[in-house]
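One line per chain: the protein sequences are A and B, in this order. Going by the working numbering, the first sequence opens with residue 6, and the numbers climb by one from there. Going by the working numbering, the second sequence opens with residue 331, and the numbers climb by one from there.
Treat the hints with care, as some may be off.
[Claimed, not checked] On the chain B side, residues computed to face chain A include the following (Cβ under 8 angstroms):
hint: 1; residue: A557
hint: 2; residue: T570
hint: 3; residue: W578
hint: 4; residue: I579
hint: 5; residue: R610
hint: 6; residue: S613
hint: 7; residue: L622
hint: 8; residue: F663
hint: 9; residue: F730
hint: 10; residue: Q992
hint: 11; residue: L993
hint: 12; residue: M1055
Simulated from the structure, these hints should not be mistaken for laboratory data. Here the structure is a predicted model, which is why all the values come from computation and not from measurement. For every residue, glycine included, the Cβ atom is placed at its ideal position computed from N, Cα and C.
Listed below are the residues making up each chain.
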Amino acid sequence: MDRPVSLRARSAAVLLPLLGMFLLMPPFIGLFTARVYLFGVPLIVIYLFGVWLFLLLAAAGLARHLAGEAPPDAPPQPEP
Amino acid sequence: MLSPNLVLATALAYVTLLFGVAFIGDRRARQGRLGWLRSPLVYTLSLSIYCTSWTFYGAVGSAARNGLEFATIYLGPTLVFVGWWFFLRKLVRIGQLHRITSIADMISSRYGKSASIAALVTVIAVAASTPYIALQLKAMTDSFQVISSAGPDALRGIASAQPNFQLTFWIAAGMAAFTILFGTRTIDVDERHHGVVAAIAVEAVVKLAALLGIGLLVVFGIGGGPAEIFARMPVDMLRTDEVFGSRWITLTLLAGAAVVCLPRQFQVTVVELDSESHLRTASWLFPLYLFLISLFILPIAIAGLSFLPAGANPDMFVLSLPIWAEQPGMALFAFLGGFSSATSMVIVACIALSTMVSNHLVLPIALRLPWVQLDATGEMRRFLLTTRRISIVVILLLAFAYFRISGRADALASIGVIAFAGAAQLLPCLVGGLFWRQANARGAFAGLLAGYLLWGFTLFLPSFKGDLFLSPTDISNGLWGLSWLRPYAMLGLNGLDPLVHSIFWSLSINTLLFVGVSLIGEPRPLEHLQSSLFVDVFRHRGADTSRFVSRSAAAYDLNVLAQRLIGVDEARQFFARSGHGSDLVPHRQIADDALITELERKLAGNVGAATARAMVSQVVTGETISLDELLKIADETQRMRDHSHELETQSRQLAHSARELQLANERLLLLDGQKDDFLSQVSHEVRTPLTSIRSFAEILLDTPEVEAERRQRYLRIIHDESLRMGRLLDDILDLSVLEGGHAPWALVPVDPQQALVSALRVCEGLAAGAGVRLWQAEQAPAVKVLADSDRLAQVFINLIYNAIKYNTDPKPQVWVSSRLDAGVYELRVEDNGPGIRPEDRAHLFQKFSRGWADTAAAAQGTGLGLVISWQIARRLGGSLELVDGRGTGACFCLRLQAQAQAQAQA
């Protein structure tokens, strides 16, 4: 349980929401508003839910690398 | 259309089921058999109270009205949870360490356990949550009326003209009963409510299944596939051209803030959390839940718009579509889903709010009132429970009142957003408190108050459309007729969406005041301490503050205090564990700092840090907070950083020195080896002539009768050899002088050509004797170099001498040329002899190297000439090297820096 979390995993954990913000906020998201249909579904809908799915899958993949130090479940003993 | 009785019976059956689940959950928790109750899955499902009836019914309404905008409400939390490592992990860790009971407790603990901040946060939370609870009541009432009404009203999703307030009242009463029963049965350790969590986990599954069921029915039952559904989409329903603007950003921000700051979210995310590792699972499982919830929102909205009669209420599409499709079972299921999402939200919100109201508003006041007696054993616990029960009733009544007043406020979504905006006012001081050391109580208070007032003025009050405090004229023309005080255009800021406008003013003024006032003031010692404990929570192990706070109290008094809140048995256990025995006598045992701190922490787990501190302060005396210790921990981080930086530098320096030392050692070893070689070579060189001298001298001594001619020859050899030995010794001496560089040379400008002429003159005889043709090629112009002319001639002679002597060519020739190249005097001596073997070139200028080892003449040289020449060239500031010549022979090049032309011509 008490294995150290790699620097790469920690950086990824901080960067993932920022990437999500970039992908989901204007102006970038505006690139996908064209009236194009994929399998009969508007492109923007596919893009939005695709990014969503990517984010949660990435978080799931990352979570395994972020086991981290054990949380102090037991209250600490007062020092004598 | 279903009969009201059937719907009512189903709802009651469902509620009974929930009671059962909550009861079992509570009992298992009490027996310590938590099992699945503490699994990450249940934790994630409990988080889903984020999806209230506003989601269940309102998301479809929002999609029908504003297209894709509904997604922001779920994208914000997705981003927050996906980024859990950065923020939520810290929040949760602090919550667990400090036994935080609510968001108000969290913020007030951070700012020096300030009771006033706790009270303010509580007021904000109640104000922001009341409309939200009202929204749930409204949704439940509407849905009940829609599903049980007959005819076109059901399809249009419009409850009969007047909301059934009686129904709403009874729903509210039922909620209050459930919450009081399972939420305030006792004051649990750490304020966990396992029964409630179990019930809302069940509700989370029901509402997700219901929404997915409706979605599948719509897409594959009614619609005939996703493509067909989207083909029915009204042109521009998604509003892709305008939706990705300031409202998109604002709503995402609000939703992200709400999932942390809403009191009920804080309750399930932080307070009810069992183990920090659950958060890791929730980081993707909760976004997945939101993803699934959102998946069918658009298709349902499209179906509602295209199948239901025009003018149908989009907020009730989820319910009216199955009615239209004549699927009463599905409609009932949808009703239960909406009922689930509303009840779970109301229950948890009431628990969270009642905890806050009792801990931070009622109890602090009661403790100050002289006529409230809470001194008897367990009295305070009973008082707290009663307060919480009353608070729950009051909060639900407030929500009911809000619903009555704003009954005509139309869309669900706008009410939800008001609550989000109110909760978002807590964000600056919460985030700042977790990451910014300097943030202090006064800044937090100022920011919160300003944000709260601005939110109330620009969003909350105008939402009543003139029915509460602000009249319609105030809203359109400004308060007291002042045009710069218009709620939707503060200071004349026109043209913004009312939500964006309100968020802009409230959050920016909130943050500015928070930061500004924090920067002006100095934190009090306790704030300083708490700030350090919160900001550096991952560096300090544990929440033990006893080393910073020193105070004294009689253990007996503390015991009495503890008994008032946690009861006799638990208090006795506590004091027994801490080693004070269970029989405490007044004025006898004195409690140490650690015990007082531990007790305060224990009490804080029930009544919040601020109140616990106030209670403990009643019995302790002489509290001092060690500023030195504080400064130490405040600087600890910096020191650790400095220290590690220092270590790093030192280790780098050490590595550097080690490398240098190693190099030096290698050089020394090399030199040592060279010295040994040199000595053995010298002795060898000296031994050869010495041996021949001794042997010839012995012959002469032993055989006196040797003939004169041979005697003459032997004596000649002895003479020659001793001369050679003398030369060798002279050279060695010369070399050691050169290498040591002891005596400075008097360098004067000399003409190298003159030295060359004299050197050539010396060598002419030798060349003639050896039959070597000596060519003098190119000549440098008159130039001066700084040198010792004798030494310079010595180098020339040595080079020419070598070229002549070791030339084995049948027609031996030597070329001597000199030139001036870019201020450098260059002399080349080249021969057509065998040249230097490539493997010898590297150590050509080493002692006794003898590049011409295989020539017969080699034996006669000392092997030091080239080394001496090289050393001289170096001492003169020039260089001597072997360069590529025109043929096979060796070509030596001597370069010396010429003096400036003007001087040379002078």
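Next item on the list: Output the numbers, in ascending order, of every earlier hint that fails for this structure.
Entry: 7, 8, 9, 10, 11 and 12
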